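Enquirer: Residue-level listing of the chains:
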Amino acid sequence: MATINEHIVKSFDDQLNRINDLVVRMGGLAEAQVAGALDAMVKRDCELAARVIEGDDQIDDLEHELEQVSVLLLALRQPMANDLRRVVAALKISSDLERIGDYAANAAKRVIALEATERHRSASSLSRMAQQVRVLLRDALDAYVTSDAERALEVWRRDVKIDELYGSLFEELLEQMKADPGDIAACTHLLFIAKNIERIGDHATNIAESVHYLVTGRYMEGARPRGVDPNMPAAAEA
Amino acid sequence: MVALEQAIDTSGSISGAKVIGRDVNVYYGDAHALKGVDLNIGECEVTSLIGPSGCGKSTFLRCLNRMNDVIDGCRVTGRIELDGIDIHSKNVDVVHLRARVGMVFQKPNPFPKSIYDNIAYGPRIHGLAQNKTQLDEIVQASLERAGLWKEVQDRLEQPGTGLSGGQQQRLCIARAIAVNPEVILMDEPCSALDPIATARVEELIDELRTRYTIVIVTHSMQQAARVSQRTAFFHLGEIVECGDTEELFTNPKDERTQGYITGRFG
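Chains A and B, in that order, give the protein sequences. Numbering-wise (the numbering used here), the first sequence opens with residue 1 and increments by one. Numbering-wise (the numbering used here), the second sequence opens with residue 1001 and increments by one.
Everything labelled a hint here was simulated from the structure, so no lab data went into it. This structure is a prediction, so every number in the text was calculated from the model and none was measured. Nothing false has been slipped in among the hints.
If you want a taste of the chain B side facing chain A, the calculated C-beta under 10 Å gives, among others:
#1 Gln1222
#2 Thr1257
#3 Gln1258
Built from N, CA and C at the ideal position, the CB exists for glycine as well.
Make the full structure from the sequences, and use the hints.
Expert: Okay, here's the thing in C-alpha cells:
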C-alpha cells in the first residue's frame, strides 16, 4: 500500500497506517471467528463454539479503537480525496466486521443449543453455504488489502449465490420439519445458523462495496444482485 | 487504480460562462508565469483557484480585471472574454472594466477615510448617485449586503481603519459591491482573519453568489471545498484539473491534484 505513505507530515502516514492495520487485524479476527463457528457446527464441537462466543469481545474492542483513531484523524487532518475515502471506508468496513463477529457468535450459540436437542439433524446445503461464505469474506478482505476494485466487484456479484443456497436450505429444513415434528427444535436452530451465515455474506458484500468506493471513488452502480428470501413474501421485500 | 483514459477537459466546460479565458499566457519579463490557460467561469457561482505558491493562480485572477497591466514588464497574451466581449479590446475602458470586475485582496485595505466614504468613493467617481439620498442608499445597501450594516450604522463617520480585521475585510467587500460589479475577484480574502471572521466572510460569499460571479484564490483546501461550486487546480503555470468542487476533493482525476490536496507534495 504505497499510496498511504509519503505525506509531508509523517505522523499523518502513521495514523493512516494504524487505521489500516486495525482494519486488517479486525478482518483476520472476524475470519477466524467465522471459521471457528462453522467448524464447531460441522464437528459439533461445543468447546470450540464457546471459545468463539468469548472471542467476540476482541473484535468489539478493535472496532472501538479504530473509531477513536479515525475521529482523531478527521479532527486533526481533515483528510481529502483518497485519504478521506480510506478513513470513511475503514469506519464502514469495521462496523461490518463487528456485525460479522456478532453473527459468528450467534451461530456458535446455536451450535450449543443444537447439541442440547440431542437430535443429530443436519442439512446438506448448510456446510456448502458456510464454505462459500468463508471464501466470500476472505476475498472481500483480500480485495481490501490489495486495493483491488475488480475483485471487490466480483465478490459483490457472488453474494447472490449464497442467497440462493439459503433459499433452498430453507425449503429443505421446512420439509424436514413437516416430515418429523420431533425435529422442529433442531431444525429451527439450523435455520437460525443459516440465517446468520447468510447475513455474514451480506456484510462481506458491504465490505466489497466499501473497497470499491475506496479504490475508485465511485459507488457501485445499480441495485445489489440478490436472491429470493423465502422468509419474505415478494410484496414485503421493498 | 482507476483508468484515466477519458480526456480531462481542463477548461471545465459549462454552459452559461460569465468569463472565458482561452490560451492565456502571462510573462513577467522572461519568466513564463501562465502557460496557455483555458478556463470557463460560470455565472453566479463561486469558482476557487487552488495550487501551490507560484503556480499562477493569483496571476490568472489578476488577468480577469487587467490588474496585470499595472505591473512593469508583465505581458499578457490570449483571449479573456467577459459576457463574450474581449476585455483587451480597444473599446473596453479599463476603469469601467474594474468596476464590473471588482477585487478584494488578502490584507484588508480600507482607505484612510470614514466608513461611509470608503463605500461612497466608488459610486461617486463612477457617478452612480444623483444626490446625497441616493448615495446614502447605496452605502446602506452595500453594507447590508456585506453583513456589516448592523455593526457600523451608528459610526459611519469613524475611520474604516479603526474596525477589526474581519470587519475591515467585509468593508472592502462592501466597497467592491457598491459599484454594482458583476464579478468579484478575491485573492485569499481570509488568510489574515481569525476563524470567526473567516466564517462570516464565507457565509457572505455564499449569500453573494446569488447575485455575483465570484472567483476566489485560496490556500485553504477546506475553504475552497466549503465555498465554491467549481475548483481549478493550478500547477507550474498550467491548469491541471478543473471540475465540480465536490468531485475534485473526493475523487480527483489527476495524480498531481490528489498529491496536492492530500498534502503529499508542495
